[in-house]
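Please model the complete structure; the sequences and the hints are all you need to start from.
For the record, the sequence lines run as chains G and S.
For what it's worth, numbering that gives the first Met the number 0 labels the leading residue of the first sequence as 0, then goes sequentially.
For what it's worth, numbering that gives the first Met the number 0 labels the leading residue of the second sequence as 0, then goes sequentially.
No lab work stands behind these hints, which were simulated from the structure alone.
Just so we're clear, the structure is a prediction, and the values are computed from it rather than from any experiment.
Just so you know, even glycine gets a beta-carbon here, dropped at the ideal spot from N, CA and C.
Just to be clear, a hint being listed does not mean it is correct.
Said to hold, decoys possible - In silico SDA-like pairs for lysine to any residue, Cα to Cα no more than 25 Å straight-line:
no., chain 1, residue 1, chain 2, residue 2
1, G, Lys268, S, Gly78
2, S, Lys209, G, Leu73
3, S, Lys209, G, Val67
4, G, Lys268, S, Ala338
5, S, Lys75, G, Ile33
6, S, Lys164, G, Asn135
7, G, Lys10, S, Gly78
8, S, Lys209, G, Ile60
9, S, Lys164, G, Glu162
10, S, Lys343, G, Asn135
11, G, Lys268, S, Ala305
12, G, Lys268, S, Gly217
13, S, Lys343, G, Thr51
14, G, Lys216, S, Asn197
15, S, Lys343, G, Glu264
16, S, Lys188, S, Gly337
17, S, Lys75, G, Ile48
18, G, Lys268, S, Lys164
Said to hold, decoys possible - Far from chain S, by Cβ distances over 12 Å, these chain G residues were calculated:
no., residue
19, Gln8
20, Phe15
21, Thr50
22, Trp70
23, Ile119
24, Tyr122
25, Ala137
26, Ile152
27, Leu170
28, Ser194
29, Glu197
30, Thr228
31, Ile246
32, Gly252
33, Thr287
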Amino acid sequence: MSLEDYRQQPKVFAAFALPTLVWLLLFFVTPLTIIWLYSFGENVSLVNIETTWTLDNYVRIFQPEIMVLLWRSLWIAGIATVICLAIAYPIALVIATAREDKKPWLLLLIMLPFWTNLLIRTYALLNILGTRGRLNQALEWLWGVANTAVNRIGLGGMQLLGENFTPLKMLGTPSGVIFGIVYVSLPFAILPIYSSLERLDRSYLEASLDLGAGQWKTFRYVLLPMTMTGVVTAAIITFIPALGQFITPDLLGRGQVDMIANVIERQFKRANDWPFGSALSLFLLYITFVLLAVRSFYDSRRSH
Amino acid sequence: MKRRSTLPITRRGFLAGSAAVGISFTLPKAFAADGKVAFYNWDTYIGENTIAEFEKASGIEVQYDLFADNDELFAKLKGGNPGYDLIVPSNDFVERMLDADMLIPLDHSKIANIANIDPLFLDPAFDPGRKYSLPYMWGTIGVGYRKSAVDGIPDSWATLFSSDKYAGKIALMSDATTVMQMALKSMGKSLNDWSDENIAAAEALILAQKPNIAAFAGDNGQDLLLAGEVDLAMEWNGDILQAMDEDDDIGYVVPEEGGLLWEDALAIPKGAPNVENAHALINHLLDAQVGADIADFVYYATPNKASKALMSDDYLNNPAIFPPEETAAASEVSIFPGAETVRKIEDAWTRIKAG
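Put into structure tokens, the structure is as follows:
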């Protein structure tokens, strides 16, 4: 039975679709509707919210500080996405061109981090990136070696490397947060690119090379355009979750690089302002919709 | 609430915790009878023999249940008391429960051991005259510090809030209200005075200090301190107490301007089936020797003056348990400022985070 047969077999189709529909209704539509109703509500006591159809919560989004945090979230997520793609593409290419018997193992290596909880992985990063972390310990050791070498060749007096080792400050800075986001998102970026590379007919590449295009030109004008769908999917699948990150800014950002989701989280916990939190999360959702719409507009224009 | 989770594990926390899982499925409905009382307390928050001693002395059978935090306690009682006679909410939740009319007044004439309580605790702002609650244990928010990295004792909040001497080595907490409160203390103001000028002043102070702050630490100021990532951390005393256990180089002080006092209180919820027996149990818990046994086991500060007289110097002289008297007097218990003020505080915090 192919998928198109549902027209002839509506009952069979219904039987298959029902669980999915119920699932969607219960765990997606209902909670989202509640959040939507909350976003037009006010706190009437410590425990009760009343939907009064006020627009106050949406108006509050346009305070300058919220805009600052939103803008920060957008550029951090954007940079993290670009870095992810730049790293993911070569890795995907290596896996796609690896020997068949090695592919499952390489893919397994990519998937492996998923078997560890995000929080634990983030804490592990804390241990590595701290000012007294492993990375800085390694750098300090290298600095010591280099400094000794400099002294040996008689240039010690010039303090070429500075008087003391200055640890690299990663945590509590945007770069630390971006590092963390890249780290957790990378597998999501690799997989779609890999699958588009897998589907690619290699003869196009051979043709391009045979006809005199160099490696770079083949990549730029043949390989990349033909795998663009994978790249765009990878970009979206990286960017959207990155936009909503709050654990990474909280831990790796040390509360100094808050993103918009940190504000949302606070509304649902300590601030006890669910209506405003709901309005903010929906606003984030709308931004995502706009981005997706832009993408499909771009797609449809290209295909004509 | 994190401060509870940091009790030394050696204090049978694991056993108590696993027992709680088993117990808490049976609600104490059947206990609405003579000779019984249902006590709902924090995990690992009582002496080893306290309950058994009470049962033996009074002939009253105790159903002992455990909760993990104030939210759980509140949630369980919000929809109607399932049968508890005695509960232990923190000061801000006593306030909330009073607001929601969930507590019944105590009959002081049935609790002779009130006389054992330090008078300092008998007229708090959250329950004037102690009509509804009596103090069980208390603690502070102060400064945990690495002794070898800090000059002397950091006994002023200014060290954290308005000095660049330890730039990049300071951790504040991540809770808007509490951090703003300590900023107010550093300016010599009351931590409950949320005038618009005070909120603005605290905001400006923290914003200016932000480049010198290494972290707004959610639940791990003591970990940053232990790892050497920071040398000064604003924290709950219980958290630092644990860090001090692991590292002799860690100290704790409540700055001279005073810090925040928290208190867990004994209270009887509305709908309690055994009010009489609950009074008897409160009286028992406030007994000098019983109070001393509890304090010795849970290692938090007791408000019971008579119990303190029975405690070891090791306990009494621990600055992470008892701040000096003047400092304690300068410290304050936080009062819930109302939802509108909380919103102003949170908005200021968002501006700090965006800045």
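Evaluated hints:
1. Restraint check for Lys268 of chain G and Gly78 of chain S: satisfied, since their Cα atoms lie roughly 20 Å apart, inside the 25 Å limit.
2. The hinted pair formed by Lys209 of chain S and Leu73 of chain G meets the criterion: a straight-line CA distance of about 22 Å does not exceed 25 Å.
3. At most 25 Å may separate the alpha-carbon atoms for a hinted pair to count; Lys209 of chain S and Val67 of chain G meet this at roughly 16 Å.
4. At roughly 13 Å between alpha-carbon atoms, Lys268 of chain G and Ala338 of chain S fall within 25 Å of each other, so this suggested pair holds.
5. Restraint check: the Cα-Cα separation between Lys75 of chain S and Ile33 of chain G comes to about 23 Å, which is no more than 25 Å; the hinted pair holds.
6. The hinted pair formed by Lys164 of chain S and Asn135 of chain G meets the criterion: a straight-line CA distance of about 23 Å does not exceed 25 Å.
7. A hinted pair counts as satisfied when its Cα atoms are at most 25 Å apart, and Lys10 of chain G with Gly78 of chain S does not qualify at roughly 44 Å.
8. Restraint check for Lys209 of chain S and Ile60 of chain G: the C-alpha separation of about 24 Å stays at or below 25 Å, so the hint holds.
9. Distance restraint check for Lys164 of chain S and Glu162 of chain G: the Cα-Cα separation of roughly 21 Å lies within the 25 Å cut-off, and the hinted pair is therefore satisfied.
10. With a CA separation close to 40 Å, the supplied pair Lys343 of chain S and Asn135 of chain G exceeds the 25 Å bound.
11. The straight-line distance between the Cα atoms of Lys268 of chain G and Ala305 of chain S is roughly 39 Å, outside the 25 Å bound, and the hint therefore fails.
12. As the CA atoms of Lys268 of chain G and Gly217 of chain S are separated by approximately 13 Å, the hinted pair is consistent with the 25 Å bound.
13. In summary, the hint linking Lys343 of chain S to Thr51 of chain G is supported, as the alpha carbons are separated by about 21 Å, within the 25 Å threshold.
14. Under the criterion of a C-alpha separation no larger than 25 Å, the hint pairing Lys216 of chain G with Asn197 of chain S is inconsistent with the structure, at around 64 Å.
15. Restraint check: the Cα-Cα separation between Lys343 of chain S and Glu264 of chain G comes to about 17 Å, which is no more than 25 Å; the hinted pair holds.
16. For a cut-off of 25 Å, the pair hint linking Lys188 of chain S to Gly337 of chain S stands: about 19 Å separates their Cα positions.
17. With a CA separation close to 19 Å, the supplied pair Lys75 of chain S and Ile48 of chain G stays within the 25 Å bound.
18. A C-alpha spacing of about 34 Å is found between Lys268 of chain G and Lys164 of chain S, which places the hinted pair above 25 Å, so the restraint is violated.
19. No Cβ of chain S comes within 12 Å of the Cβ of Gln8 of chain G; the nearest lies about 47 Å off, and the non-interface call holds.
20. Every C-beta of chain S lies more than 12 Å from that of Phe15 of chain G, the closest at about 39 Å, which supports listing it as non-interface.
21. A cut-off of 12 Å between C-beta atoms confirms that Thr50 of chain G is not in contact with chain S; the least separation is 17 Å.
22. For Trp70 of chain G, the non-interface assignment is contradicted: its Cβ lies about 9 Å from the closest Cβ of chain S, within the 12 Å cut-off.
23. The claim that Ile119 of chain G lies off the interface holds: its Cβ sits roughly 14 Å from the closest Cβ of chain S, which is beyond the 12 Å cut-off.
24. Annotated as non-interface, Tyr122 of chain G brings its C-beta within 12 Å of a C-beta of chain S; the closest such distance is 9 Å.
25. Its beta-carbon lying about 17 Å from the closest one in chain S, Ala137 of chain G satisfies the requirement of being farther than 12 Å from that chain.
26. Interface exclusion of Ile152 of chain G from chain S stands, the closest Cβ pair being 34 Å apart, more than 12 Å.
27. A cut-off of 12 Å between C-beta atoms contradicts the statement that Leu170 of chain G is not in contact with chain S; the least separation is 8 Å.
28. The Cβ of Ser194 of chain G sits about 38 Å from the closest Cβ of chain S, beyond the 12 Å cut-off, so the non-interface label holds.
29. With a cut of 12 Å on Cβ distances, Glu197 of chain G stays outside the contact zone with chain S, its closest approach being about 42 Å.
30. At roughly 37 Å from the closest C-beta of chain S, the C-beta of Thr228 of chain G stays outside 12 Å, upholding its exclusion from the interface.
31. Its beta-carbon lying about 10 Å from the closest one in chain S, Ile246 of chain G breaks the requirement of being farther than 12 Å from that chain.
32. In this structure Gly252 of chain G is not separated from chain S by more than 12 Å, as the shortest Cβ-Cβ distance comes to only about 9 Å.
33. Residue-level check passed: Thr287 of chain G sits 21 Å from the nearest beta carbon of chain S, beyond 12 Å.
The structure is inconsistent with the numbered hints 7, 10, 11, 14, 18, 22, 24, 27, 31 and 32, although it conforms to all the rest.
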